[in-house]
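Novice: Single-letter residue listing:
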Amino acid sequence: MEKRFIYADNAATTAVSEEVLNAMLPYFREAYGNASSIYKLGRDAQKAVEEAREKVAAALGADPKEIFFTSCGSESDNWAIKGTAELMAKRGKKHIITSVFEHHAVLHTCEYLEKHGFEVTYVPVSDKGLIDPEDVRKAIRDDTALVTIMYANNEIGTIQPIDEIAAICKEKKVIFHTDAVQAVGHVDIDVHKQGIDMLSLSGHKIHAQKGIGALYIRKGITLPNLIHGGGQERAKRAGTENVPAIVGLGVAIEAATKNIAERNAVIIPRRNRLIDGMLKLPYTRLNGDREKRLPGNLNISFEGIEGESLLLMLDMNGICGSSGSACTSGSLDPSHVLLSIGLKHEIAHGSLRLSIEDDVTDEDVDYILEVIPKVVERLRSMSPVWEKMMKGEKYQ
Amino acid sequence: MMYSEKVLDHFSNPRNVGEIEDADGVGEIGNAKCGDIMKMYLKIDNGIITDAKFKTFGCGAAVATSSMATELIKGKSIDDALKLTNQAVVEALDGLPAVKIHCSVLAEQAVRSALSDYYTRQGIDPLPIVGEIHEPEE
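Same order as they appear, the protein sequences are chains A and B. The opening residue of the first sequence carries number -17 in the numbering used here; numbering runs sequentially from there. The opening residue of the second sequence carries number 16 in the numbering used here; numbering runs sequentially from there.
Certain hints may be false.
[To be verified] List of simulated lysine to aspartate or glutamate pairs, EDC-like, C-alpha gap at most 16 angstroms:
1) A:Lys155 to A:Asp124
2) B:Lys68 to A:Glu369
3) A:Lys154 to A:Asp124
4) A:Lys370 to B:Glu43
5) A:Lys75 to A:Asp125
6) A:Lys373 to B:Glu34
7) A:Lys370 to B:Glu34
8) A:Lys240 to A:Glu36
9) A:Lys274 to A:Asp114
10) A:Lys152 to A:Glu116
11) A:Lys110 to A:Glu273
12) B:Lys21 to B:Glu86
13) A:Lys(-15) to A:Asp297
14) A:Lys240 to A:Glu1
15) A:Lys376 to B:Glu43
16) A:Lys175 to A:Glu153
17) B:Lys48 to A:Asp315
These aren't lab readings, by the way, just hints derived from the structure by calculation. None of the values given here were measured: they were computed from a predicted structure.
Chain A on its own, in the form it takes in the complex (with noise of 0.2 angstroms):
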């Protein structure tokens, strides 16, 4: 078997593609106009900023006066959450829905605010990785200012029914936000259809560069400005554009969203494959719906080996994956997804996400699906854990 390098964690991180960094360069050394310069180089900056924002919106069904350019998804996150915090609380609400799986930009932003007099109520997960808009429903009070479910979970993949709650929180008149960050780009994404009030997305996720966001302000909701100074973004993020991020963004948006049914067609298979595969190994479970899951994504929990073990000998194979192992978080605690979704602590170390993108082939599935049993088998005769299991002893 010969050694191949395959990128399985594209929900960590993507490569700049050709097309979005030929489209960039033209801004670091010609067209390197400050956006709010008079002349024409800066009026060529500032027509670049505006294009990339018009396709920005067009991928998400918005208008482009509600596309707001950050430096990063948790950046958005921050800003929609905090922002809306304190724009409500000026009419005595004070109190968010969340889920108790959003990524750490959502739930430490949260966490922050129960310290300043905001109540939080999290909302739970089914075992399949999904929330009930009922249980959304049951949550919102009178005084509460804002919902924030995530479109799809970073770890497991799960997409939530954002429509069902998007309705729910237009009804009962609470403000909606999602985090959409592992969402953009490989489901179809409408915010005015859906009735999304808040959106947040990254580049770095969609083959732009790292370092650029954006958040989708609906028309009528007026954030307090996030950086004060001048007058960029409609003054309410002050701060001269990073033309050259911005640019590379919208060609990015643009490419991921238009042909998303096609990709899909050929990435599901290949990841089902890798599943079905994975899952002939005893003691394997797949985490997170089956059906209702990002395109590329699969969590597969190992029993009887540890994540960071796993990750290190598929790196010596030259695959590059992720895991919701304590220990690549540097705490003693497994993943809050995992745990979420009702996985003993023990069953958590011991999981591996890959998420892969179109360019994952067929061969490469093969040898993925050769790499992982011998890897799997060798870290499991050397464990004690798994020792104990065969002989059906208790390991806890």
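Add chain B to chain A, keeping to what the hints say.
Specialist: Same frame as chain A, now just chain B:
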């Protein structure tokens, strides 16, 4: 997070993996809940550790520290093995990331746990010789 070449070497080619069927002392430390378990087997002859083997469930550092600890005590006297510190394991591996230092403590404690078992089997109270074994906190 950066592992030294030595850690990666001991992870990918761990020394002394396995079990000793007729071991004179077996120790186990850690729990699956916190993500690390080390099991250590010792063969002891006339106060000398003639063989040491381990099985580990855990991260790269847990495997590497187990491997290094067995290397450091093989052929040594019990007295020398009892002097093995986690710091010595860390140094022998050319360092560990700060969040992984606890793995070296587990390796040290796994050795002590196996020696404790050895004394117990001999009908000798291990406590005055080996001291308390520290289980990791959950």
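Novice: Look at each hint and say if it fits the structure.
Specialist: Cross-check of the supplied hints:
no.	hint	in the structure
1	A:Lys155 to A:Asp124	10 angstroms, holds
2	B:Lys68 to A:Glu369	15 angstroms, holds
3	A:Lys154 to A:Asp124	9 angstroms, holds
4	A:Lys370 to B:Glu43	12 angstroms, holds
5	A:Lys75 to A:Asp125	4 angstroms, holds
6	A:Lys373 to B:Glu34	15 angstroms, holds
7	A:Lys370 to B:Glu34	13 angstroms, holds
8	A:Lys240 to A:Glu36	14 angstroms, holds
9	A:Lys274 to A:Asp114	13 angstroms, holds
10	A:Lys152 to A:Glu116	14 angstroms, holds
11	A:Lys110 to A:Glu273	10 angstroms, holds
12	B:Lys21 to B:Glu86	13 angstroms, holds
13	A:Lys(-15) to A:Asp297	11 angstroms, holds
14	A:Lys240 to A:Glu1	14 angstroms, holds
15	A:Lys376 to B:Glu43	14 angstroms, holds
16	A:Lys175 to A:Glu153	15 angstroms, holds
17	B:Lys48 to A:Asp315	8 angstroms, holds
Of the numbered hints stated above, none is contradicted by the structure.
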